[in-house]
Amino acid sequence: MQYALIIREAPEDFARRDDPAYRDGWVAYSKALAQAGIMTGGAGLTGPETGTIVRRKGWEHDVQDGPYPEGKEQLGGFYLIDVPDIDTALEWATRVPISDKGSVEVRPRLQM
0 MQYALIIREA PEDFARRDDP AYRDGWVAYS KALAQAGIMT GGAGLTGPET GTIVRRKGWE
60 HDVQDGPYPE GKEQLGGFYL IDVPDIDTAL EWATRVPISD KGSVEVRPRL QM
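Residue 111, in numbering that gives the first Met the number 0, is where the sequence shown stops; the numbers in between run on with no holes.
Treat the hints with caution; some may be incorrect.
Stated by the list, open to error - Using 25 Å as the maximum straight-line C-alpha spacing, the simulated SDA-like pairs for lysine to any residue come out as follows:
| # | residue 1 | residue 2 |
| --- | --- | --- |
| 1 | Lys30 | Arg15 |
| 2 | Lys30 | Trp58 |
| 3 | Lys100 | Met111 |
| 4 | Lys100 | Lys56 |
| 5 | Lys100 | Pro19 |
| 6 | Lys30 | Thr51 |
| 7 | Lys30 | Ser102 |
| 8 | Lys30 | Gln1 |
| 9 | Lys71 | Met0 |
| 10 | Lys30 | Met111 |
| 11 | Lys100 | Ala9 |
| 12 | Lys71 | Glu104 |
| 13 | Lys71 | Val53 |
| 14 | Lys71 | Tyr21 |
| 15 | Lys100 | Asp61 |
| 16 | Lys30 | Arg106 |
| 17 | Lys100 | Glu90 |
| 18 | Lys71 | Pro19 |
| 19 | Lys100 | Leu89 |
| 20 | Lys71 | Asp84 |
| 21 | Lys30 | Ala14 |
| 22 | Lys71 | Gln110 |
| 23 | Lys100 | Glu48 |
| 24 | Lys30 | Gly43 |
| 25 | Lys100 | Met0 |
| 26 | Lys71 | Thr49 |
| 27 | Lys71 | Arg94 |
| 28 | Lys100 | Gly36 |
| 29 | Lys30 | Lys71 |
| 30 | Lys56 | Val82 |
| 31 | Lys71 | Gly24 |
| 32 | Lys100 | Trp25 |
Note that these hints are calculated values from the structure, not bench results. Quick caveat, the model's predicted, so the values are computed rather than measured.
The whole structure should be built from the sequences, with the hints applied where relevant.
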């Protein structure tokens with residue numbers, strides 16, 4: 000079963016991305032997923048200030064520059080993993096090198 004590990008980071012975590020000590024944890028985690036043979040995709044995302052939101056307003060569309068939505072955590076990236084069950088996905092989620100201000104949401108991939 001495929002699961003998305005959705006990474007949310009605090010603004011100060013985005014600011015630390017150039018710090019080798021911070022970045023090296025992410026590189027090691029990504030390598031561990033690849034070596035385990037369970038990573039099927041994923042990507043880190045640029046900071047929320049680079050985003051643009053498109054909202055539907057009836058038949059029209061409203062376009063706004065980010066960051067949106069405002070909040071303590073912003074979407075930082077995601078991994079797609081293929082593991083046998085939710086317990087295994089949660090085990091991998093606990094290994095994501097987020098700070099104590101971030102979070103990881105584990106969500107099954109919609110099967111269509």
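Original post:
If you draw a straight line from the CA of lysine 100 to the CA of glycine 36, is it 25 Å or shorter?
Top reply: Between lysine 100 and glycine 36 the Cα gap is close to 29 Å, so the pair fails against 25 Å, i.e. violated.
**OP:** Given the hint that lysine 71 pairs with threonine 49, test it: the Cα-Cα distance must not exceed 25 Å.
**Re:** holds, 17 Å
**OP:** Sort out whether aspartate 61 lies within 25 Å of lysine 100, counting only the CA atoms.
**Re:** Violated: lysine 100 and aspartate 61 sit about 31 Å apart, past 25 Å.
Subject >> Satisfaction of hint between tyrosine 21 and lysine 71, Cα-Cα up to 25 Å >> reply: holds, 19 Å
**OP:** Please work out if lysine 30 and serine 102 have their alpha carbons no farther apart than 25 Å.
**Re:** holds, 20 Å
Subject >> Agreement of lysine 71 and proline 19 with the hint, judged by alpha carbon distance not exceeding 25 Å >> reply: holds, 24 Å
**OP:** Quickly compare the C-alpha distance for lysine 100 and methionine 0 to 25 Å and report which way the hint goes.
**Re:** Since the Cα atoms of lysine 100 and methionine 0 sit roughly 29 Å apart, the hinted pair is violated (cutoff 25 Å).
Original post:
Taken at face value, is the distance from the CA of methionine 111 to the CA of lysine 100 at most 25 Å?
Top reply: Not satisfied, since the Cα-Cα distance of roughly 34 Å exceeds 25 Å.
**OP:** For the pair supplied as a hint, lysine 100 and tryptophan 25, confirm whether the alpha-carbon distance does not exceed 25 Å.
**Re:** Judged against 25 Å, a Cα distance of about 16 Å means the pair holds.
**OP:** Sort out whether tryptophan 58 lies within 25 Å of lysine 30, counting only the CA atoms.
**Re:** violated, 45 Å
Subject >> Pairwise hint evaluation, glutamate 48 against lysine 100, where the allowed Cα distance is 25 Å at most >> reply: holds, 19 Å
Subject >> Given hint lysine 71 paired with lysine 30 - CA-CA distance at most 25 Å >> reply: violated, 28 Å
The structure shown violates the earlier hints numbered 2, 3, 4, 6, 9, 10, 15, 20, 22, 25, 28, 29, 30.
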